[in-house]
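Student: Residue numbers (my numbering), protein chains in the order written: chain R, 1 to 375; chain S, 1 to 177.
These are calculated hints, taken from the structure and not from any lab test.
Please note that the accuracy of each hint is not assured.
[Said to hold, decoys possible] Selected chain R positions facing chain S (in silico; Cβ < 8 Å):
(1) 171
(2) 174
(3) 175
(4) 176
(5) 286
(6) 346
(7) 347
(8) 358
(9) 362
(10) 363
[What the hints assert, rightly or not] Here are the simulated distance ranges between beta carbons:
(11) S:44 <-> R:110: 18 to 28 Å
(12) S:27 <-> R:132: 49 to 59 Å
(13) S:45 <-> R:263: 32 to 42 Å
(14) R:2 <-> S:45: 29 to 39 Å
(15) S:65 <-> R:225: 20 to 30 Å
(16) S:64 <-> R:320: 29 to 39 Å
(17) S:78 <-> R:316: 37 to 47 Å
(18) R:295 <-> S:116: 50 to 60 Å
(19) R:344 <-> S:27: 45 to 55 Å
(20) R:344 <-> S:101: 20 to 30 Å
(21) R:269 <-> S:146: 44 to 54 Å
Note that beta-carbon positions come from the ideal geometry of N, C-alpha and C, so glycine has one too.
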Amino acid sequence: MVRALLSGNEAVAEGALAAGCNFFAGYPITPSSEIMHYMARELPKRGGSFIQAEDELAAINMVIGASWAGARAMTATSGPGFSLMQEGLGYAIMTETPLVIVNVMRAGPATGQATKAAQGDLMQARWGRHGDQMIPVLAPSSPQEAYDLTIEAFAIAEELRTPVVVLSDEFIAHGREVVELREKVEIPSRRKPRDPSEPPFGSPDPRIAPPMPPLGEGYYVIVTGSTHNEYGYRDVHSFETHFRLVKRLVDKIRLNVDKLFRYEVLGDDDAEVAIVCFGSVSRSAKQALRMLRSRGVRAKLLRLVTLWPMNDEVVRRELRSAKTIVVPEMNLGQLIYDVQRLAREDSRIVAVNKVGGGIPIYPSEIVEAALGGSR
Amino acid sequence: MRSIAFLGRGGQGIVFAGEVIAETLFEQGLYVAQLQSYGAEVRGGSVLSYVVFDRDRVENPFIESFSLAIVLHEAGMRRWMKHLEGSDLVILDELVSAELRNAVKLPISRVCVEKGVLGRENVVAIGVIAASGVLDPSVVERVLSRKRGFEKNIEALKLGLELGRDVADRVAAVLRL
Numbered sequence: 001m002v003r004a005l006l007s008g009n010e011a012v013a014e015g016a017l018a019a020g021c022n023f024f025a026g027y028p029i030t031p032s033s034e035i036m037h038y039m040a041r042e043l044p045k046r047g048g049s050f051i052q053a054e055d056e057l058a059a060i061n062m063v064i065g066a067s068w069a070g071a072r073a074m075t076a077t078s079g080p081g082f083s084l085m086q087e088g089l090g091y092a093i094m095t096e097t098p099l100v101i102v103n104v105m106r107a108g109p110a111t112g113q114a115t116k117a118a119q120g121d122l123m124q125a126r127w128g129r130h131g132d133q134m135i136p137v138l139a140p141s142s143p144q145e146a147y148d149l150t151i152e153a154f155a156i157a158e159e160l161r162t163p164v165v166v167l168s169d170e171f172i173a174h175g176r177e178v179v180e181l182r183e184k185v186e187i188p189s190r191r192k193p194r195d196p197s198e199p200p201f202g203s204p205d206p207r208i209a210p211p212m213p214p215l216g217e218g219y220y221v222i223v224t225g226s227t228h229n230e231y232g233y234r235d236v237h238s239f240e241t242h243f244r245l246v247k248r249l250v251d252k253i254r255l256n257v258d259k260l261f262r263y264e265v266l267g268d269d270d271a272e273v274a275i276v277c278f279g280s281v282s283r284s285a286k287q288a289l290r291m292l293r294s295r296g297v298r299a300k301l302l303r304l305v306t307l308w309p310m311n312d313e314v315v316r317r318e319l320r321s322a323k324t325i326v327v328p329e330m331n332l333g334q335l336i337y338d339v340q341r342l343a344r345e346d347s348r349i350v351a352v353n354k355v356g357g358g359i360p361i362y363p364s365e366i367v368e369a370a371l372g373g374s375r
Numbered sequence: 001m002r003s004i005a006f007l008g009r010g011g012q013g014i015v016f017a018g019e020v021i022a023e024t025l026f027e028q029g030l031y032v033a034q035l036q037s038y039g040a041e042v043r044g045g046s047v048l049s050y051v052v053f054d055r056d057r058v059e060n061p062f063i064e065s066f067s068l069a070i071v072l073h074e075a076g077m078r079r080w081m082k083h084l085e086g087s088d089l090v091i092l093d094e095l096v097s098a099e100l101r102n103a104v105k106l107p108i109s110r111v112c113v114e115k116g117v118l119g120r121e122n123v124v125a126i127g128v129i130a131a132s133g134v135l136d137p138s139v140v141e142r143v144l145s146r147k148r149g150f151e152k153n154i155e156a157l158k159l160g161l162e163l164g165r166d167v168a169d170r171v172a173a174v175l176r177l
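In isolation and in its complexed conformation, chain S is listed as follows (with noise of 0.2 Å):
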């Protein structure tokens, strides 16, 4: 069993990025459970999406860590820090001032900025993970096509390959099954 969970706030894509994940790893073949927690206001709050994933049924979605966590927001944070100090691998956008043992920084919003992909840090940070090889990237774009803003999506994806690289053995040694 594995997961992998995206934090932010509200108005990021944060549910979206799990919805993309959990769709990805249903049509490679695996068991998924989704789960995302969140407010009632549509923007600004902190919200947790996260999926766990495994070749049989998942036994319990209610986990108390993740394999991989991406936070790109503070405001997701303070809430669920217990879970992300036993996590094996946290990237924190290097807009996020935290400190943690286990975590890498990488500058996904400042990609989006530069690269004229301007509030696409979540799918920037699906990249980051498919880059890994655990998404298979065609799969994920077959996923994205299905969904809003799809040229855009693309785009943003391909530059979290790109930026994944350098993580890419890291995150596939806390996925891979």
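Isolated chain R (complex conformation) (with noise of 0.2 Å):
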């Protein structure tokens, strides 16, 4: 284990190049660009390739080719550059390409402002596609998570065939702070189809990413966006074909809910107080649920590190007990929806929201929100 003082960014690359990404193609934008430049000075010296694109489409879509190609492949963006990559990452997911995106989030929507901290993208994350999709999203909330989240997202993209999004924040990425770097890691190889007969875009458990064929190694395999049938061929009238695919694509990662769900529960377990948060903002509700306990309220904190897709038993199971539930959220209020359909009825769901500036949510503002009028 080695111990480094790293940027948000810098454990985003270098949880990629430890996970084996050996591609990267991308548009700097602030505040990812430092992902950006730590490949471009490493991907080289290890034989992997780097690309400036000429926008964010392109980005994307290079990183589309090479995963075909079957290099380990990323890309890093911020709220306006991952609005572009939509469109490609719909295509990725029709296509079944693995691939790894982080979007380091700042305010929006637009340009917003560049340099600050929010977490407005939780709903374009995981529904900024047109049509019926799901990929998985997972936040960090330090340094160190967004090392060991990049090489799961790695993980998670080759075995299930899937784009998956790493949502980091302007605060994580231009933080610094104490990065334990693993010695080894080993992600499995995506598996290749036994012989040309095995459908590349079938499978008969849907919990099972098809094989993946490469190309240039002589399978004939037609890649496209279009609805298609289990080998490839485009089928864009009938019901069954359509329904079967696009069911098939969702079910690869709803029904594997239980496998990517990730979560920390901190406090009591029969809390009268609940937070509910994710990414960067947790820091300060760690510090908040500290506070509240040493007042002799009995709290949890109940922190997603898997943002989708949702394990709604878990959460329901977690907030069973609590009769107010503080949400802060750097953002106008995404998160709280989850909490509103998942908390019992009578419960009150206080929304602590707080975007632009770069001030983050305090630790006082969630004490004060959960005590309420009767502190």
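Please dock the two separately framed chains into a single complex, following the hints provided.
Tutor: Put into structure tokens, the structure is as follows:
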């Protein structure tokens, strides 16, 4: 184990390299650019490829191409670039292309505040593409987790043949903390078809991704964003083919929720007050939890590490005893929709929304919201 | 958990100072979290950088006051006034006009002008902190040696060590873990 002082962006890059990433294409954008700088410097030394694309549309499509050529491929961007990459992401979902995309959130919409942290892209990360689709979204709360979850993202991408989003933010990206780097990371290689008769876009068990035939190794494979059958042949008319395909693509993620869903619970089992959070805000939330408990309040914290797919059962169970639920977010309210859906009906749900200017949500604000007027 | 903040304006090396402090404390074996807040511009504008440090992993870097804050320019102050008011100790450059009950003034910028290390107020300030013994001056030197402007910075560091002697006990009292 090596200890290093790294920013969240550097930690993402280190995680990607540890996971065997050998292709990066991107277009620079604050606050994600340092990931690109790092990969530009390191990848050529290790036999990998780095391309600064002409824009984000090109970047995501280069990543898709590289992945089909057998590379472990990724890109990194921020809100405006993430918006531009949505079309490519949809194509990657439809073609079952493994890739990792890091979105370092800043305040939006549009160009917003480039250097200021936010969490306004949660819903976009889940739903940004048109059509029926689902991809895993992981949210680190520190540089250490940025490192660990980037590695995890590559493992999921390879196993399930899917794009995976790592949803970071400017605080994590530019904050430097101590990161423990692993000596060795093993990520299983993607499965190839045993022979050309094995369908590259069909699987008897929806939880298991079909094998991926690498281009240039003798497989004839049609890769299309249009509706296709198990062998990749376009079928843009029939109900059966379309329904079977999109159902399997969504089930591939949804039915693996137990495997994909990571979360952290701290505090009292029978808590009256619960804090639900994700990402960098969790750091303040943890201190708030300690402050509440030191005042004799029975409290717990539920931190979502996986933001998508959602494990409704776990969230419902963890919030069962809570009469008051505080949802601090650096946006105007997105995670709160899950809480409203899954909390017991008589609970009081309190939003703490603050975004812009690079001002974090402070522990005292969460404590105040939790105690309401009764303080 | 303790924290050190630098406030000033873009171009004063505020972020650089935070980096040096973070790397020094890290090399002294502590857990650190270093954050900063600045605009898109390289010069001008308000800049804050700070380091939270502890013997264990830092639970929360989003703190509401500092153990020690050093203010090198007024531009950095207004936005963080609440933080400063709640801090244990604030060191103001003597050119900063502000009244805070928890503040002492030091002639950081004057020393830079008189001793020919203009523009290195940030490193003089690091020296002031190091005078307390919380930062090991030899580790600070090693960290600075990896960065640009090493020789002038060592001069500035030594000036700071001297200037910090009078406040060393107060600085140590707020920073010691």
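Student: Hint by hint, note whether the structure agrees.
Tutor: These are the hints, each one checked on the structure:
1. Hint status for residue 171 (chain R): holds, given a least beta-carbon distance of 7 Å to chain S, under 8 Å.
2. At a threshold of 8 Å, the smallest CB-CB gap from residue 174 (chain R) to chain S is about 7 Å, leaving the interface hint in force.
3. For residue 175 (chain R), the suggested interface contact is upheld, since its CB lies about 5 Å from the closest CB of chain S, less than 8 Å.
4. A least Cβ separation of about 4 Å between residue 176 (chain R) and chain S falls short of the 8 Å threshold, and the interface hint therefore holds.
5. Among the interface hints, the one on residue 286 (chain R) holds; its C-beta lies about 6 Å from the nearest C-beta in chain S, closer than the 8 Å criterion.
6. Interface hint at residue 346 (chain R): violated, since its Cβ lies 31 Å from the closest Cβ of chain S, which is beyond the 8 Å cut-off.
7. Nearest Cβ of chain S to the Cβ of residue 347 (chain R): about 25 Å, over the 8 Å cut. The hint is violated.
8. Here the hint on residue 358 (chain R) is kept, as its CB sits about 4 Å from the closest CB of chain S, short of 8 Å.
9. Hint on residue 362 (chain R) holds. Least Cβ distance to chain S is approximately 5 Å, under the 8 Å limit.
10. For residue 363 (chain R), the shortest C-beta to C-beta distance to chain S is roughly 6 Å, which falls under 8 Å, so the interface hint holds.
11. Between residue 44 (chain S) and residue 110 (chain R), the C-beta spacing of about 24 Å keeps the proposed range 18 to 28 Å intact.
12. Against the hinted window of 49 to 59 Å, the Cβ-Cβ separation of residue 27 (chain S) and residue 132 (chain R) comes to about 52 Å, which satisfies the hint.
13. Under the hint 32 to 42 Å, the C-beta atoms of residue 45 (chain S) and residue 263 (chain R), about 39 Å apart, fit the expected range.
14. Checked against the hint of 29 to 39 Å, the pair residue 2 (chain R) and residue 45 (chain S) passes, with Cβ atoms roughly 36 Å apart.
15. With their beta carbons about 53 Å apart, residue 65 (chain S) and residue 225 (chain R) fall outside the hinted range of 20 to 30 Å.
16. Between residue 64 (chain S) and residue 320 (chain R) the C-beta distance comes to about 32 Å, which sits within the given range of 29 to 39 Å.
17. Distance hint for residue 78 (chain S) and residue 316 (chain R): a CB-CB separation of about 46 Å, consistent with the stated range 37 to 47 Å.
18. Between residue 295 (chain R) and residue 116 (chain S) the beta carbons are some 54 Å apart, a value that agrees with the proposed interval 50 to 60 Å.
19. A hinted range of 45 to 55 Å for the beta carbons of residue 344 (chain R) and residue 27 (chain S) is consistent with their spacing of about 50 Å.
20. Evaluation of the 20 to 30 Å hint for residue 344 (chain R) and residue 101 (chain S) yields a failure: the beta carbon distance comes to about 48 Å.
21. Between residue 269 (chain R) and residue 146 (chain S) the Cβ separation comes to about 49 Å, which falls inside the hinted range of 44 to 54 Å.
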